[in-house]
Amino acid sequence: MIIVTGGAGFIGSNFVLDWVREVGEPVVNVDKLTYAGNLANLASLASDARHRFVRGDIGDAAAMAALLREHRPRAVVHFAAESHVDRSIHGPGEFVQTNVVGTFRLLEATRSYWQALPSPEKEAFRFLHVSTDEVYGTLAEGDPAFSETTAYAPNSPYAASKAGSDHLVRAYHHTYGLPVLTTNCSNNYGPYQFPEKLIPLMIANALDGKALPVYGDGRQIRDWLYVGDHCSAIRRVLEAGRPGEVYNIGGNAEKRNLDVVHTLCDALQELRPRAGGYRPLIEFVADRPGHDRRYAIDARKIRAELGWSPLETFASGMARTIGWYLDHADWVASVRSGDYRNWIETNYSGRA
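All residue numbers for the sequence shown refer to the working numbering, where the first residue is 1 and numbers rise by one.
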């Protein structure tokens, strides 16, 4: 069996659902259930004996050590993290605590567990750390894409905290021999994404007839990766990745933020027509402080070594995503609670 941290969040819950369906191996899912963790994402596994949920904090070293001793996993897949740049700007302390200190304590518990394993299990064990392309900083439009050897240059508190966790994971391999794997992914989208991120926020606001806030000139470029493709890449890295190695995961879909919003508006107009369309709802607002201009992933290493490439194009992935949100209005309504509304007011009010 495996342990997954942060498995009630957006990417983590998609991974757990896909893992049970595609692999069928038991999984213990550890999540603190902060604002972005949602057990409703995992409702289809409620009676499935292969999935056990444990509410827990990766920063609780004793609790993590006890879980490892009890379940004796062959791998830990570490998603748990604070992950929203805007929230890190408003409150960086939580990001340092979870992403750096929490990862350190999880590594310590895992190292103790791993060192005590008998030889065959010790050799087969893996610790897979899920990270982001934001650790590499920003690119100009003509720059080559981020590779696994690109120097780290994080520009937000979120990115800096993830960079710190990446360095800790690398150090635990170099110093202690812990068999780690690190993945750095591009912007994910798809089902169960909390509607503070661009795509679900735009869909939810558009359907409510609310303004679609676009930072700055909207020409920031991201490489968009469908979450199902990301999950399949992680499974492949866990299966065949070389310990100590880093694998960049991208969707081969660089798009400007404004173009993404236009795509959403036009798709919604076909599916849920609105008088005058949805594009007039776009409202340019003051840019995020220190907003990175462009991210792009060079995924040649994972393609060459592990034979992985994304299955979804941007068009097919967006169609699936929009369809999911239209079909799951109750899920969207349930997560847009008072806390969510307070956050939206904090982040967007007063932006000219």
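It is worth saying that the hints were derived from the structure and are not from the lab.
What you are looking at is a predicted structure, and each value in this text was computed from that prediction instead of being measured.
Beta carbons: idealized from backbone N, C-alpha and C, even for Gly.
There's no promise every hint is true.
[As the list claims (entries may be wrong)] Taking lysine to any residue and the SDA-like style, the derived pairs with C-alpha atoms no more than 25 angstroms apart in a straight line are: (1) Lys122 - Leu201; (2) Lys32 - Lys255; (3) Lys122 - Lys210; (4) Lys197 - His71; (5) Lys197 - Asp259; (6) Lys197 - Asp217; (7) Lys197 - Arg242; (8) Lys210 - Glu22; (9) Lys32 - Glu94; (10) Lys210 - Ala43; (11) Lys210 - Pro179; (12) Lys122 - Ala43; (13) Lys197 - Arg69; (14) Lys301 - Glu22; (15) Lys197 - Leu178; (16) Lys197 - Tyr152; (17) Lys255 - Thr175; (18) Lys301 - Thr313; (19) Lys32 - Ala333; (20) Lys255 - Glu141; (21) Lys122 - Arg236; (22) Lys197 - Asp60; (23) Lys32 - His84; (24) Lys32 - Glu123; (25) Lys122 - Gly228; (26) Lys197 - Asp330; (27) Lys210 - Lys32; (28) Lys197 - Lys122; (29) Lys255 - Leu281; (30) Lys210 - Cys265; (31) Lys122 - Gln269; (32) Lys197 - Met1; (33) Lys197 - Glu305; (34) Lys210 - Ala145; (35) Lys255 - Ala145.
[As the list claims (entries may be wrong)] Here are the computed distance ranges between Cβ atoms for each label pair: (36) Leu311 - Pro273: 40 to 48 angstroms; (37) Glu148 - Asp208: 40 to 48 angstroms; (38) Lys210 - His90: 44 to 52 angstroms; (39) Leu311 - Leu33: 26 to 34 angstroms; (40) His90 - Arg320: 28 to 36 angstroms.
Going through the hints against the structure:
A C-alpha spacing of about 44 angstroms is found between lysine 122 and leucine 201, which places the hinted pair above 25 angstroms, so the restraint is violated. At roughly 33 angstroms between alpha-carbon atoms, lysine 32 and lysine 255 are farther apart than 25 angstroms, so this suggested pair is violated. The hinted pair formed by lysine 122 and lysine 210 fails the criterion: a straight-line CA distance of about 54 angstroms is larger than 25 angstroms. A C-alpha spacing of about 34 angstroms is found between lysine 197 and histidine 71, which places the hinted pair above 25 angstroms, so the restraint is violated.
At roughly 15 angstroms between alpha-carbon atoms, lysine 197 and aspartate 259 fall within 25 angstroms of each other, so this suggested pair holds. Annotation: proposed proximity of lysine 197 to aspartate 217 holds, straight-line Cα distance about 17 angstroms (limit 25 angstroms). This hinted pair does not check out: lysine 197 and arginine 242 have alpha carbons roughly 32 angstroms apart, beyond 25 angstroms. For the suggested pair lysine 210 and glutamate 22, the alpha carbons sit about 39 angstroms apart, so the restraint of at most 25 angstroms is broken.
For the hint pairing lysine 32 with glutamate 94, the CA-to-CA distance comes to about 13 angstroms; that is within 25 angstroms, so the pair holds. Between lysine 210 and alanine 43 the CA atoms are separated by roughly 30 angstroms; this puts the pair beyond 25 angstroms, and the hint is violated. A threshold of 25 angstroms between alpha carbons decides the hint, and for lysine 210 with proline 179 the separation of about 48 angstroms lies outside it, so the pair is violated. A C-alpha spacing of about 34 angstroms is found between lysine 122 and alanine 43, which places the hinted pair above 25 angstroms, so the restraint is violated.
For the proposed pair lysine 197 and arginine 69, the alpha carbon gap of about 37 angstroms is over 25 angstroms, so the pair is violated. Between lysine 301 and glutamate 22, the direct Cα distance comes to roughly 24 angstroms. Compliance with the 25 angstroms bound is thereby established for this hinted pair. In summary, the hint linking lysine 197 to leucine 178 is not supported, as the alpha carbons are separated by about 34 angstroms, beyond the 25 angstroms threshold. Distance hint between lysine 197 and tyrosine 152 is fulfilled; the C-alpha atoms sit about 24 angstroms from each other, no more than 25 angstroms.
For the given pair, lysine 255 sits about 40 angstroms from threonine 175 by alpha-carbon distance, which is inconsistent with the 25 angstroms threshold. For the given pair, lysine 301 sits about 20 angstroms from threonine 313 by alpha-carbon distance, which is consistent with the 25 angstroms threshold. Distance check on the hinted pair: lysine 32 and alanine 333 sit about 22 angstroms apart at the alpha-carbon level, within 25 angstroms; holds. Note on lysine 255 and glutamate 141: the hinted pairing holds, with a Cα-Cα distance of about 11 angstroms set against a maximum of 25 angstroms.
Distance restraint check for lysine 122 and arginine 236: the Cα-Cα separation of roughly 20 angstroms lies within the 25 angstroms cut-off, and the hinted pair is therefore satisfied. Of the pairs offered as hints, the one joining lysine 197 and aspartate 60 is violated, with about 28 angstroms between alpha carbons and a cut-off of 25 angstroms exceeded. Between lysine 32 and histidine 84 the alpha-carbon distance is near 16 angstroms, which keeps this suggested pair within the 25 angstroms criterion. For the proposed pair lysine 32 and glutamate 123, the alpha carbon gap of about 30 angstroms is over 25 angstroms, so the pair is violated.
Straight-line distance between C-alpha atoms of lysine 122 and glycine 228 comes to about 30 angstroms, which puts the hinted pair past the 25 angstroms bound. A distance of roughly 18 angstroms separates the Cα atoms of lysine 197 and aspartate 330; the hinted pair therefore holds under the 25 angstroms criterion. Of the supplied pair hints, the one linking lysine 210 and lysine 32 is violated, its CA atoms being roughly 32 angstroms apart against a limit of 25 angstroms. At most 25 angstroms may separate the alpha-carbon atoms for a hinted pair to count; lysine 197 and lysine 122 exceed this at roughly 39 angstroms.
Annotation: proposed proximity of lysine 255 to leucine 281 holds, straight-line Cα distance about 20 angstroms (limit 25 angstroms). Of the supplied pair hints, the one linking lysine 210 and cysteine 265 holds, its CA atoms being roughly 12 angstroms apart against a limit of 25 angstroms. For the proposed pair lysine 122 and glutamine 269, the alpha carbon gap of about 55 angstroms is over 25 angstroms, so the pair is violated. Simply put, lysine 197 and methionine 1 have alpha-carbon atoms about 32 angstroms apart, too far for the 25 angstroms limit, and the pair is violated.
Among the hinted pairs, lysine 197 with glutamate 305 is inconsistent with the structure: their alpha-carbon atoms are about 32 angstroms apart, more than 25 angstroms. Taking the CA atoms of lysine 210 and alanine 145, the gap is about 35 angstroms. The hint is violated against a cut of 25 angstroms. At roughly 14 angstroms between alpha-carbon atoms, lysine 255 and alanine 145 fall within 25 angstroms of each other, so this suggested pair holds. Between leucine 311 and proline 273 the beta carbons are some 30 angstroms apart, a value that contradicts the proposed interval 40 to 48 angstroms.
As the Cβ distance of glutamate 148 to aspartate 208 is approximately 41 angstroms, the hint placing it in 40 to 48 angstroms holds. One distance hint, 44 to 52 angstroms for the beta-carbon pair lysine 210 and histidine 90, is violated here, with the actual separation near 21 angstroms. Distance hint for leucine 311 and leucine 33: a CB-CB separation of about 31 angstroms, consistent with the stated range 26 to 34 angstroms. The hinted window of 28 to 36 angstroms between histidine 90 and arginine 320 holds, with their beta carbons roughly 32 angstroms apart.
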